[in-house]
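Please take these sequences and the hints and turn them into a complete structure.
Protein chains in written order, with numbering that gives the first Met the number 0: chain P, 0 to 327; chain G, 0 to 318; chain C, 0 to 353.
Calculated directly from the structure, the hints in this document are not laboratory data.
One side of the interface only, derived from the structure: several residues of chain C facing chain P at Cβ under 8 Å:
no.: 1; residue: S66
no.: 2; residue: D206
no.: 3; residue: S208
no.: 4; residue: V209
no.: 5; residue: G211
no.: 6; residue: G236
no.: 7; residue: T240
no.: 8; residue: L263
no.: 9; residue: V277
no.: 10; residue: V278
We put the CB at the ideal spot given by N, CA and C, even for glycine.
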Amino acid sequence: MSVLSVRDLSVEYRTTGGDVPAVRGVDLEVDRGEVLGLAGESGCGKSTIAGAILRLLPAKTKITGRIELDGNDILELTPGKLRAVRWTAGSIVFQGAMHAMNPVQRIGEQIMEPILVHGQSGEREARMRAGTLLEQVGLPTRRLDDYPHELSGGQKQRIMIAMALACSPSLIVADEPTTALDVMVQAQVLQLLRTLQHDLGLALLFITHDLSVLVEVADRLAIMYAGKVVEQGGAEAVFHSPAHPYTKALAAAFPAIGDMRFRGRPSGLGGDPPDPQQIPTGCPFHPRCAEVIPACSSVVPELWTAGPARLAACVHVSGAPALEGVSR
Amino acid sequence: MQTLDPTPSEPPVLVEEPADLVPPKSPRRIGWARRRRALSAFWKTYRRSRMGMVGLVMMILFILLAVFGPLFVPARNVSVAFATGKPFQPPSLQWPLGTDNFGRSVLSLIVVGSRISLIVGFAATVVTMVLGAGIGIASGFYGGKTDTLLNALTNWFLVIPWIALAIVMASILGPTLLNIILIIGITSWAGTARLVRAQALTVKERPYVERARALGGGDVHTIAHHILPNVMPVIFANTVLTVALSILAETTLSLLGLGDPNSISWGGIINEAFQAGALSAGYWWWIIPPGVMIVLVVLAFTMCGYALDEIINPRLRER
Amino acid sequence: MSDPQPEPDVAELGVPVVEVEDLEVNFKGRVGFFAGLLGRKGFDAKAVDGVSITLYEGEVLALAGESGCGKTTTARAIMGLLIPDAGTIRYRGEPLARSRRGLRGYRKQVQMVFQDPTAALNPRQTIYEIVAEALRIHGVPGGPDAKTEEQLVARALSRAGLRPPERFYLLYPHELSGGQRQRVVIAGALVVDPAVIVADEPVSNLDASVRGEILALLMKLREGSRISILIVTHDLGLAWTVADRVAVMYLGRVVEVGPAEEVLQRPKHPYTKALLNVVPEAGGTERPILQGEPPDPTRIPKGCRFHPRCPVVASGRAERLGILNRCVSEDLALEEIAPGHDVACYLKGLGEEP
Ligand SMILES: Nc1ncnc2c1ncn2[C@@H]1O[C@H](COP(=O)(O)OP(=O)(O)OP(=O)(O)O)[C@@H](O)[C@H]1O
Ligand SMILES: Nc1ncnc2c1ncn2[C@@H]1O[C@H](COP(=O)(O)OP(=O)(O)OP(=O)(O)O)[C@@H](O)[C@H]1O
Ligand code: SF4
Ligand code: SF4
Ligand SMILES: [Mg+2]
Ligand SMILES: [Mg+2]
Numbered sequence: 000m001s002v003l004s005v006r007d008l009s010v011e012y013r014t015t016g017g018d019v020p021a022v023r024g025v026d027l028e029v030d031r032g033e034v035l036g037l038a039g040e041s042g043c044g045k046s047t048i049a050g051a052i053l054r055l056l057p058a059k060t061k062i063t064g065r066i067e068l069d070g071n072d073i074l075e076l077t078p079g080k081l082r083a084v085r086w087t088a089g090s091i092v093f094q095g096a097m098h099a100m101n102p103v104q105r106i107g108e109q110i111m112e113p114i115l116v117h118g119q120s121g122e123r124e125a126r127m128r129a130g131t132l133l134e135q136v137g138l139p140t141r142r143l144d145d146y147p148h149e150l151s152g153g154q155k156q157r158i159m160i161a162m163a164l165a166c167s168p169s170l171i172v173a174d175e176p177t178t179a180l181d182v183m184v185q186a187q188v189l190q191l192l193r194t195l196q197h198d199l200g201l202a203l204l205f206i207t208h209d210l211s212v213l214v215e216v217a218d219r220l221a222i223m224y225a226g227k228v229v230e231q232g233g234a235e236a237v238f239h240s241p242a243h244p245y246t247k248a249l250a251a252a253f254p255a256i257g258d259m260r261f262r263g264r265p266s267g268l269g270g271d272p273p274d275p276q277q278i279p280t281g282c283p284f285h286p287r288c289a290e291v292i293p294a295c296s297s298v299v300p301e302l303w304t305a306g307p308a309r310l311a312a313c314v315h316v317s318g319a320p321a322l323e324g325v326s327r
Numbered sequence: 000m001q002t003l004d005p006t007p008s009e010p011p012v013l014v015e016e017p018a019d020l021v022p023p024k025s026p027r028r029i030g031w032a033r034r035r036r037a038l039s040a041f042w043k044t045y046r047r048s049r050m051g052m053v054g055l056v057m058m059i060l061f062i063l064l065a066v067f068g069p070l071f072v073p074a075r076n077v078s079v080a081f082a083t084g085k086p087f088q089p090p091s092l093q094w095p096l097g098t099d100n101f102g103r104s105v106l107s108l109i110v111v112g113s114r115i116s117l118i119v120g121f122a123a124t125v126v127t128m129v130l131g132a133g134i135g136i137a138s139g140f141y142g143g144k145t146d147t148l149l150n151a152l153t154n155w156f157l158v159i160p161w162i163a164l165a166i167v168m169a170s171i172l173g174p175t176l177l178n179i180i181l182i183i184g185i186t187s188w189a190g191t192a193r194l195v196r197a198q199a200l201t202v203k204e205r206p207y208v209e210r211a212r213a214l215g216g217g218d219v220h221t222i223a224h225h226i227l228p229n230v231m232p233v234i235f236a237n238t239v240l241t242v243a244l245s246i247l248a249e250t251t252l253s254l255l256g257l258g259d260p261n262s263i264s265w266g267g268i269i270n271e272a273f274q275a276g277a278l279s280a281g282y283w284w285w286i287i288p289p290g291v292m293i294v295l296v297v298l299a300f301t302m303c304g305y306a307l308d309e310i311i312n313p314r315l316r317e318r
Numbered sequence: 000m001s002d003p004q005p006e007p008d009v010a011e012l013g014v015p016v017v018e019v020e021d022l023e024v025n026f027k028g029r030v031g032f033f034a035g036l037l038g039r040k041g042f043d044a045k046a047v048d049g050v051s052i053t054l055y056e057g058e059v060l061a062l063a064g065e066s067g068c069g070k071t072t073t074a075r076a077i078m079g080l081l082i083p084d085a086g087t088i089r090y091r092g093e094p095l096a097r098s099r100r101g102l103r104g105y106r107k108q109v110q111m112v113f114q115d116p117t118a119a120l121n122p123r124q125t126i127y128e129i130v131a132e133a134l135r136i137h138g139v140p141g142g143p144d145a146k147t148e149e150q151l152v153a154r155a156l157s158r159a160g161l162r163p164p165e166r167f168y169l170l171y172p173h174e175l176s177g178g179q180r181q182r183v184v185i186a187g188a189l190v191v192d193p194a195v196i197v198a199d200e201p202v203s204n205l206d207a208s209v210r211g212e213i214l215a216l217l218m219k220l221r222e223g224s225r226i227s228i229l230i231v232t233h234d235l236g237l238a239w240t241v242a243d244r245v246a247v248m249y250l251g252r253v254v255e256v257g258p259a260e261e262v263l264q265r266p267k268h269p270y271t272k273a274l275l276n277v278v279p280e281a282g283g284t285e286r287p288i289l290q291g292e293p294p295d296p297t298r299i300p301k302g303c304r305f306h307p308r309c310p311v312v313a314s315g316r317a318e319r320l321g322i323l324n325r326c327v328s329e330d331l332a333l334e335e336i337a338p339g340h341d342v343a344c345y346l347k348g349l350g351e352e353p
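Structure, rendered in structure tokens:
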């Protein structure tokens, strides 16, 4: 059963410089106990999706489509109901949130806060729960009385995870939870997330631009480009045999050590990420694509079948309709 | 499985040329083209501030008055010896703002005095800025002992009452116009220095300053190309406010009888009025008009200064 | 001369360009005002504590290690941006001058590429001014085939992949993408034809998709003009793609250095192995991950500085092999265990794990 189901989600920010279509028709599905990885370059709309799922976007933002979280139609909820759903049905771990911890409040109180707000238990039980959570994220209970500045970056990120777990949500959205961390600490945090997710049967939407991290933690991957999902499928399959040219370029940025194909030959995409207000016609990737054909500037590719349980939005995939000049 | 081609391709042309930006021939002129655009963008923002626009219009009127006004005032109108009016005339059609104890037209005095008041304001500001920016940059950029020393000096100037210092200096140096300017400059640079030092301290830590050093640039290069341009906006907004303060300072000094007795300034007019007992005798036209002018000019510069500060100072902008 | 056989590894490595020997950099610890009054002293951070590395002509040397191990500090010391507390840095055999003039000449030869291109560019300068900056400091070189400042700037911009260069002259840094900004930084370094480029995490602030382009650009420079590149990175995958040799740092020291294939595929130091273990890869998180927080340069352990976290010690293997005593008490230096492959670990020569 899917915990999160996103249908045809579009998000437009309203700014003084005009509307910014940050997400343009995205479908996602996360099942219980599953980790879906969402990757793509900066500005492609990853955080916007995360924000839309818990409706944390600016008030004027135009959101269309349908988001179903644990059986709740998120976009139709009343504000009161929405507050109840936030944190109990789905919670979020931000990258920057570890800087957003209240510096003058003990971490125990900060973990207890959502539990108390949702009235799930009294003060004493909440404190017990906070202690348990702390142990779950690999910190001793006595650290409940510490202040944030007494913790290292990795430890703070663990606290953020504990806070996300506080109300036993069905879904955790992790938006770049390890980007600011050192390699060694990042590995520890990833291991923790994966273990928790497995033990608690959580659904996890894991967002990052680091594809190599995603292959490690995710079961399935969705690759985004210019506000759309351009490829979807099993994590290893997508990473090791990408179908979409964009995914290929992205995967090539994370070479496996020992793979002689990459030795001495770094490769990457040329060109700039598209401006969301001026998305190219046809396939939005065509100005930077290495496999571009003339049809690409006019045909808008949809997520066509690209193999078993694989979808990709490119004219070259097997499921694409016949087009002039396409060779497969 | 499709194989990857890891050979890097030649990067494509990355930027579409903006239509209005055809490269001029000489790269030396390039900066100017850009600066003009930046200026017009700045003007667009500035224009949105009502306070700034009102202040600017007033400021321009005052400057026009100071530059051209005195040309239309007959010399005898403000001469002690040849004044044509009777003393202490209340405002009338002939003397719109009355006359003083010598029978000089107060209106003429105000018009002529505007020049000295503004000259003192601007010139003292230049002194303030040069001292403040120089000391602030030296203090912030070099740090260490230099900073300790200069910072102590700055703080000393900040805490001692400037008026006391000004009185002492004026009595030592004598009340000439140049001395007044110097005194005001010397007593008021500390605030600017503190502001500039703070900004220089943050700019100094920016990686582009480190980059300049890594390129081989010395201190002079770094200050001229990186510190100064990034401190300039702060100085600029501060300048306009300082003009207002300097005019006020000149008034204060004149009121205390420390002004230049040979030149006519608004503060000087009021001082003479006081000394002639205008207050008790009810010669309001002799005191109020120059006072109003001072208030208005200070207001004008202050309004412009705050408007500029709001645009330039990013901390204010973020709020 | 009758000796036909040159020293094998000298021939392979070529001419040393930058040699760093026993470099030490300490940062003074700070204490609060009152603690200072009470006579308390802060702990000095030994950010770099005896680093020796050599950069050979035309090679790419990667300096790797976890956060805070002293990579940036080493790079800044090599650039002459901070004064080391001990040790020597030689450029082509000559010790680094401390005089302003000497440093200026050196900095024409050795250029730096910064981690965050956005921060490394003065927002008030145009791209042209930024790239021309080094020329204005060092002067436009004269000579028979002398070029004008503009020609040199144009050439540097196009070598850095910003083509056609005139299009960029007028732009300000904020009008470029992150990758383009890093190209501008590189162009600014290239404009004086340096012999060495020190790149501190040159791509870690860039989007994954454009990283390859910047790296490819650096590689091309090396091939074209025999520029030597020291690239600081925490990403061993990146080291695998670009580096000829890899030096791994731990807590202010180089603990392993050698050809990239050797160090990355057959690591000898337990710390290098631990670092390789955390390179994310498909297949999950079953491999051992070094626990504990990053080490603290204000409290460097006695003996091998890695021993408090060393899995060889923790598993008891060090004790079985009889090296435990030395691990915890005797400091040690790099030692060559294979041609060109140096390791600082008592384990060397004692064979692989059974
Ligand atoms: N509050 C906002 N108002 C207007 N535009 C916004 C806002 N937030 C984001 N955007 C724009 O929407 C687009 C998508 O932003 P988003 O933050 O979702 O990207 P992202 O994929 O998370 O990128 P990153 O990897 O940099 O975090 C960007 O072009 C961004 O500039
Ligand atoms: N200016 C400074 N003053 C005091 N301590 C410093 C200073 N610069 C660096 N340090 C300390 O020196 C140590 C080494 O820092 P360095 O920046 O060289 O690490 P690094 O290996 O580059 O790490 P990262 O991967 O995080 O960039 C760190 O513990 C750091 O806190
Ligand atoms: S549709 Fe064309 S342009 Fe788009 S990714 Fe496929 S080949 Fe490239
Ligand atoms: S010397 Fe000892 S403690 Fe150090 S790395 Fe080798 S085995 Fe581990
Ligand atoms: Mg984001
Ligand atoms: Mg660093």
